[in-house]
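Those protein sequence lines, which keep their order, are chains A and B.
Okay, so the first sequence: first residue is 9 according to my numbering, each after it adds one.
Okay, so the second sequence: first residue is 91 according to my numbering, each after it adds one.
Keep in mind that a hint or two might mislead.
With a Cα cut of at most 30 Å, we get these calculated DSBU-like pairs of lysine-lysine [unchecked claim]: (1) K150(A) / K356(B); (2) K117(B) / K134(A); (3) K13(A) / K117(B); (4) K22(A) / K117(B); (5) K117(B) / K18(A).
Derived by calculation from the structure, the hints in this document are not laboratory data.
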Amino acid sequence: MGMLKDWINKGRLKSPWIVHFDCGSCNGCDIEVLACLTPIYDVERFGIINIGDPKHADVLLVTGTVNHRNKHVLKNIYDQMPEPKAVIAMGACGLTGGVFRDAYNVVGGVDKVIPVDVYVRGCPPKPEAIIDGVVLALAKVKAVLEAAG
Amino acid sequence: MGKLLLACVAVVLAPIVGGLIAGLDRKLTAWLQSRYGPPILQPFYDVLKLFGKSPMLVNPWQILSVWVYLVSSMLTVFLFFLGSDLLLMFFVLTIGAVFFVMGALSTESPYSQVGAQRELVAMLTYEPLIILVFVAIAMVTGSFKVSEVFTWAAASGKPLLYQLPLMFVVLGYALTIKLRKSPFDISACHHAHQEIVRGVLTEYSGPQLAMIEIAHWYDVVFMLGLCALFWTTSLWGMLILLAATYFAELILDNVTARMTYKWMLKSVWCWGLALSVLNLLWLYAG
Chain A
9 MGMLKDWINK
19 GRLKSPWIVH
29 FDCGSCNGCD
39 IEVLACLTPI
49 YDVERFGIIN
59 IGDPKHADVL
69 LVTGTVNHRN
79 KHVLKNIYDQ
89 MPEPKAVIAM
99 GACGLTGGVF
109 RDAYNVVGGV
119 DKVIPVDVYV
129 RGCPPKPEAI
139 IDGVVLALAK
149 VKAVLEAAG
Chain B
91 MGKLLLACVA
101 VVLAPIVGGL
111 IAGLDRKLTA
121 WLQSRYGPPI
131 LQPFYDVLKL
141 FGKSPMLVNP
151 WQILSVWVYL
161 VSSMLTVFLF
171 FLGSDLLLMF
181 FVLTIGAVFF
191 VMGALSTESP
201 YSQVGAQREL
211 VAMLTYEPLI
221 ILVFVAIAMV
231 TGSFKVSEVF
241 TWAAASGKPL
251 LYQLPLMFVV
261 LGYALTIKLR
271 KSPFDISACH
281 HAHQEIVRGV
291 LTEYSGPQLA
301 MIEIAHWYDV
311 VFMLGLCALF
321 WTTSLWGMLI
331 LLAATYFAEL
341 ILDNVTARMT
351 YKWMLKSVWC
361 WGLALSVLNL
371 LWLYAG
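In isolation and in its complexed conformation, chain A is listed as follows:
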């Protein structure tokens, strides 16, 4: 059983499938996310796939400010993802609410609604920073797995 568990853990680190949720972003971050899929960055090298279905996903990548309407959607998507999972908040808005943080309809950063593992700064962050964020998230998942044995 130990070997099987090792194999599964290796698979977990080598195959992060990402579901990307635009929580009311200006699309700047979203374009950078899509840039990661292009031949220049080609995240599929690391087994990363941008997938549309939260039930298949391992990593939730959130861009944009959270407001009172879409916070329920964000929570819903998070709850639909099977464990183990990680959350990456991206861009100034995803981190804190950005320039919109004082607006009457804005809740704030993603971590006000769901637990966030990795914060990727920038407005928008570079594709390199996004890939680095995913790698960091995997390192966190690995640490959790090792702690669990």
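Based on the hints, put chain B in the right spot on chain A.
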């Protein structure tokens, strides 16, 4: 006894071969798109990870459907390497495919529902073609048995492809639909972003999705096995035929866009039937 052993070994090795083919598929697709691509072993990492995910079932039907799909795909490969009856394999394959669709239909998600309907149309499209191919093989070799194909080719000294070149193209249509390659990837796409999300796969997750993936590898091995029947006289000829066929599938996948189910039904039936009739007529005349 030897055949039984071969069939058992094939059932054990088929997922490994199928997974490697899937890995090569992704690597070559990436190459065609000027990307580097994932490692060859990537499909195995994906499946192992999916087995490690916590199960998130919508209803118990999904478990039954997935198991029947996997077992029937395994049985198809088993029967094939046993040299058994082609029609029997066809029925076993169909049972698995129907259960796979039923599992998707048992959930309320509209994506899953639409994907399942499209998968049914895809089955409706390729099944007559596969039957026609089997009938043509039986007309040439005088039997529906896989083992008889080998006996016939050894006796006549030439591969089946010389007699049934157009039926091979017809089988190619069925292969493309079964592999869910463009332009026929209407029920679920590899590339994840389409209008019905993951289509028929949407509501399957974790271990269930991993089992579906393994069952798909078995299906791929079976379909490539059918293609291999067209060149049984030499091992190298068979391998070259399979490699060329699969590479042609990849090129097709990369140069075409997904079409609608109506277009698929119309074009595949028209071309498939026309080519079949032509080949059968030529067989009679020749």
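Against the structure shown, which of the earlier numbered hints fail to hold, in ascending order? The structure conflicts with hint 1 only, although it agrees with all the remaining ones.
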